[in-house]
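Taking the hints into account, I'd like the entire structure generated from these sequences.
Now for the letters of each chain:
2 protein chains.
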Amino acid sequence: MNKSRTEMLSASDLEAALRHIGETRYHHLHPFQLLLQEGRLSRAQVQAWALNRYYYQSNIPVKDSIILARLGSVELRREWRQRILDHDGSETERGGIEKWIALTDGVGLDRDYVMSGKGILAGTRFAVDAYVHFVRDRTLLEAIASSLTELFSPNVIGVRNKGMLAHYDFISQETLAYFDKRPVQAKRDSDFALNYCLEHADTREKQDAVMDALRFKCQVLWAQLDALHHAYVDPALTPPDAWRPGEAETGREAA
Amino acid sequence: MNKSRTEMLSASDLEAALRHIGETRYHHLHPFQLLLQEGRLSRAQVQAWALNRYYYQSNIPVKDSIILARLGSVELRREWRQRILDHDGSETERGGIEKWIALTDGVGLDRDYVMSGKGILAGTRFAVDAYVHFVRDRTLLEAIASSLTELFSPNVIGVRNKGMLAHYDFISQETLAYFDKRPVQAKRDSDFALNYCLEHADTREKQDAVMDALRFKCQVLWAQLDALHHAYVDPALTPPDAWRPGEAETGREAA
Numbered sequence: 001m002n003k004s005r006t007e008m009l010s011a012s013d014l015e016a017a018l019r020h021i022g023e024t025r026y027h028h029l030h031p032f033q034l035l036l037q038e039g040r041l042s043r044a045q046v047q048a049w050a051l052n053r054y055y056y057q058s059n060i061p062v063k064d065s066i067i068l069a070r071l072g073s074v075e076l077r078r079e080w081r082q083r084i085l086d087h088d089g090s091e092t093e094r095g096g097i098e099k100w101i102a103l104t105d106g107v108g109l110d111r112d113y114v115m116s117g118k119g120i121l122a123g124t125r126f127a128v129d130a131y132v133h134f135v136r137d138r139t140l141l142e143a144i145a146s147s148l149t150e151l152f153s154p155n156v157i158g159v160r161n162k163g164m165l166a167h168y169d170f171i172s173q174e175t176l177a178y179f180d181k182r183p184v185q186a187k188r189d190s191d192f193a194l195n196y197c198l199e200h201a202d203t204r205e206k207q208d209a210v211m212d213a214l215r216f217k218c219q220v221l222w223a224q225l226d227a228l229h230h231a232y233v234d235p236a237l238t239p240p241d242a243w244r245p246g247e248a249e250t251g252r253e254a255a
Numbered sequence: 001m002n003k004s005r006t007e008m009l010s011a012s013d014l015e016a017a018l019r020h021i022g023e024t025r026y027h028h029l030h031p032f033q034l035l036l037q038e039g040r041l042s043r044a045q046v047q048a049w050a051l052n053r054y055y056y057q058s059n060i061p062v063k064d065s066i067i068l069a070r071l072g073s074v075e076l077r078r079e080w081r082q083r084i085l086d087h088d089g090s091e092t093e094r095g096g097i098e099k100w101i102a103l104t105d106g107v108g109l110d111r112d113y114v115m116s117g118k119g120i121l122a123g124t125r126f127a128v129d130a131y132v133h134f135v136r137d138r139t140l141l142e143a144i145a146s147s148l149t150e151l152f153s154p155n156v157i158g159v160r161n162k163g164m165l166a167h168y169d170f171i172s173q174e175t176l177a178y179f180d181k182r183p184v185q186a187k188r189d190s191d192f193a194l195n196y197c198l199e200h201a202d203t204r205e206k207q208d209a210v211m212d213a214l215r216f217k218c219q220v221l222w223a224q225l226d227a228l229h230h231a232y233v234d235p236a237l238t239p240p241d242a243w244r245p246g247e248a249e250t251g252r253e254a255a
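Listed in order, the protein sequences are those of chains P and B.
Per UniProt numbering, the very first residue in the first sequence carries number 1; after that it's consecutive.
Per UniProt numbering, the very first residue in the second sequence carries number 1; after that it's consecutive.
Source of the hints: derived by calculation from the structure; they are not laboratory data.
None of the hints are false.
Pairs count within a copy or across copies, as identical chains cannot be separated in the list.
In the EDC-like style, the derived pairs of lysine to aspartate or glutamate whose C-alpha atoms are separated by at most 20 Å in a straight line are:
(1) Lys118 x Glu98
(2) Lys118 x Asp241
(3) Lys118 x Glu205
(4) Lys187 x Glu79
(5) Lys181 x Glu98
(6) Lys118 x Asp212
(7) Lys162 x Glu174
(8) Lys118 x Asp208
(9) Lys181 x Glu93
(10) Lys187 x Glu15
(11) Lys162 x Glu38
(12) Lys118 x Glu247
(13) Lys206 x Glu15
Okay, structure coming up:
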C-alpha cells in the first residue's frame, strides 16, 4: 500500500487493501465475539446475541431485494437472486431466516417474541437499518461492495461453531444449522462481489468508495456487538425497553 | 394510564403518557450523562462527548428541513423554520452549530477535524442517521412527535451546565454558550409540537404512533450515550477508526 493517495491501484493491490480492512476491522476481533466463541458468556448473553442478530438476519433479503432492483440486467439479477433464495428458503428447503429461528428456539427463546422485534437493542436496529439505507442510497458499486464482509465470514463461522459446541451444553449441531451452508454460500457470493468490484472500480475514487463501503459494513457488524457487549456484559447498562434475561423464555410467562 | 389499549386517550392523558415516557427513557437517566454532570469524566471523555454530539447538532437543521418540506402550509412552515434559523444562525447572529463548535474549540479539539465527522463512533452516526431517516419515512405526525424530547431538555440543560461549570476547569460559560438560549427555544418549540400532536392524533392508533415516535427519539439520544460510554469509559473497547484521546488536539500533531 505504498501507492500515493490518488493513483489507481492494481486489482491485486485493491484486493489486498480490502483483505487488510477485514483483518483489522471485521467483527472476529470484537471482544463479545471472543467471549462468545470461548464459552465465556452466560446462556442469557447468548440468548441476547441470538435475539438481536435475528433482526440482522431477517433484513438480509430486504437489502438484497433493494440491490436486485438496482442491478439493471437479467444476468446480474440471476446471480444475485440466489442470496434471497438462500435466506428466504422455499416450501421444501428451510432458508437462513428459518434456520436462525431454529437457533433462537434452541437457546430457549419464544419464537413470536423473537420475530416481533420487541426487545432488540436500539443499537441493533440503527445499525441494521443503516445497512438497508446504505444499499438504497449509495451507488450500486458501493451497495455491492458492502457485502464484501462475506470474504471473511467462512473462517469466523468455523471458529465460532467449534467453540460454541465445545463450551455450551445448550448448543447443538442442529441449533447451529444456520451456519452449515453459509461458508459455501459466502464464498460463492463474495467471489462474485469481489470480481464485480475489481472490474467496476475503474477510477481511484471508485476504489476508495469500495474500500469505504467495506469499512462501513464492518462498522455495521461491529456496532451490533458493541451494543450487545455494552448492554449485557454489564447488566446495569441494559437500556430501557431492551430484552432482559428471563424474559420471553419458552414455556415461561414473559416478564 | 388504566385505559384499555384500544380506547382513545384524552388530551391530558396523552400528555401525561408522553411525559411518563420522558421520565423513564430520556437520556437524563443515562450513566454517561450522570458521569458528565457530576464531574467524573476526564477531559478526553468530555472531548469525545463534544466531538460525537457535533454530528447530532449538525444534523438537526437537516431533519428540520425535511419536516419543513412536508408541512404543507405557509403557517406551519413559518412556525417550524425558526428551528433552522436557531441552528444555522445568520451573518449577525451565531447559530447553534457555530456555538457547538465553540464548545469543541473550548475543550481543545481541532475544528476541521470536528467538522469532518472523522473519528465519530459508528453508533453515533447510525443513531443520528436513523433520526433523519425517521422524519423522512414516517408520517408527518410521527416526524413532529419525534421532536418532543425537547419537553424534557430545559431541566437537563440546567443541571448539566451547573455541574460542568463546577467540576471541570476547562469548561467556561462561553464554552457552554450553545445552551444559553436552548431552554427558551426548546420550550417554545416543544409547546408547539405538543399541541400539534394532541390535536392531530385523533385516533388511538395515531396516539400510539406519537408515543412510539417519542420512545424512538429517546432511543436515538440514549444510543449515542451508550456508544460513548462503551467506547470511552473502558478504553479497551474503543472501536477501530474512532477518535482516540490525544488525537486532533488543537496545537498538536494529530496522532
